[in-house]
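S.K.: Line by line, the protein sequences give chains L and C. Going left to right, the first sequence walks through residues 1 to 250 as my numbering numbers them. Going left to right, the second sequence walks through residues 1001 to 1266 as my numbering numbers them.
Think of the hints as simulated: they come from the structure by calculation, not from any bench. Hints are supplied without guarantee of correctness; some may be wrong.
[To be verified] Quick list of in silico lysine-lysine cross-link-like pairs, DSS-like style, CA-CA up to 27 Å: (1) Lys28/L to Lys1158/C; (2) Lys1059/C to Lys1045/C; (3) Lys215/L to Lys248/L; (4) Lys139/L to Lys1158/C.
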Amino acid sequence: MTVPQQTSGRAIEVRDLHKYFGENEVLKGIDFHVDHGQVVCVIGPSGSGKSTLLRCVNRLEDPTSGTIWVEGVDITDPETDLDQVRSRIGIVFQSFNLFPHMNVMRNLCIAQQRVRGRSKDEAVEVARANLAKVGLAGKEDAYPAHLSGGQQQRVAIARALSMDPDMMLFDEPTSALDPELVGDVLAVMKKLASEGMTMMVVTHEMGFAREVGDKLVFMDDGVIVEEGDPAEVLANPQHERTRSFLSKVL
Amino acid sequence: MKRTTKRKLTDAILYAVLVLAVVLAGALIDWSAVKANFFDPAGWKRGGNWGDLITIGVKNTIVYTLVAFVFGFGLAIFLALMKLSPVAPYRWLATGYIEFFRGLPALIVILVMAFGVPIAFNWQPPGGLVGAGLIGLILVAGAYMAETLRAGIQAVPKGQTEAARSLGMSAGRTTLSVVLPQALRIVIPPLTNEFVLLIKDTALLFVIGVQVGQRELTSVARDLTTSGPTAGTSTSLIQAAILYLIITLPLTRLVALLEKRQQRAR
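Build the full structure now, drawing on both the sequences and the hints.
M.R.: Next up, the structure:
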């Protein structure tokens, strides 16, 4: 049973989150939230803990301590039905992770049918609509290996959208793509943002963060160093660590 | 000496040694004795040994191999999943089983299953002695295939599981729909290899001595060295060897082909 522990009214609320890998503390007390309809971009050097934070939000990583509420449900509570929570959180990975033994349509339908309990016809209809949305109508029968990286990532987005998620998490969605393919994926993400989707985006795309983000979070060494309006933070960083990071990537 | 001259000279010596060896073998070996013992025409001609070798021997060898493979594979899936289980005692059990049976000669397992276990446990093996021997083969084959399968399952990228779980699929559903289908594809070549090994291992059933109609290829060939048209010669063994090769060589070629295709697909 999922019993709402608190209704914070926020899409994601993280409080005092700590995460160890063995002896190594990668998250050192994170307080973080995403409001409904907000696009929050998380930036920072590799190893700063930003991907781990994202992965904790749907418990792909188990937090060592701290509390995370997703849509008011405490997902760190062992009684929470994780499968149910996860099915409402779309996640897009750096390495796409499409199922290579299924064609595009099957990739989009399997969880709809097996988890949502939709009929095949219903699932196919939803899948077609989402494929069209990411600009890949007509690719239903293709296998992932025959698609470009940019196409695969857009299929992955469509797969996540087909579950009608409450929010979407993006874990460096364009980092594995050839530069000329990045634009297509970012365009889809922009469209999603403009439709009011709640999004948490771990990214190195500063342009996307500035243009689309409602909030920018800079992480370094397991802590949130600075957060605020993206244009503000990018133009006028308050902390030395933020300044030195931005000077390297901008 | 020039480099090219030197190389030509080495090549000439190597060929000369080879030719000399062939000539010596031809001169020293008593070919009529070889022919009488290995190629007795009484066995090779129509109506000779081929009838029994094929209709009893090859038939039973294929049936036993298929039975051992199917049941061994079922056992192997079970063991592989146990070995990857989050529950530690299951892992220990599977590891213990696999190490135990891979560490023993298959012959010992077959003998114990056929002659020891039925008496010790007052147990009627299904299918009699052959059944008991086959169970021995299955127990061993399962252990080897379990290791192959485990490697295949672990070769499926972790991101596949993460993607499935993040869509809300349960652990069981993820294993069934996402991990196992990909793992099976990865293990088709090594499993075909196991199949070839199993074909050859059915010859071990020879030791339990069963009724004539239930004998596999090696047993039938062995019988024909002491009775029938070529009794007293090894002709039937050579014929059996050829029959084994007719079955195994295409399969090993197939493995090579599948491996090449998989490499290209990557």
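S.K.: Next, verify each hint and record whether it holds.
M.R.: Hint by hint, here is what the structure shows:
no., hint, result
1, Lys28/L to Lys1158/C, "26 Å, holds"
2, Lys1059/C to Lys1045/C, "20 Å, holds"
3, Lys215/L to Lys248/L, "21 Å, holds"
4, Lys139/L to Lys1158/C, "26 Å, holds"
Going through the hint list in order, the structure satisfies each hint without exception.
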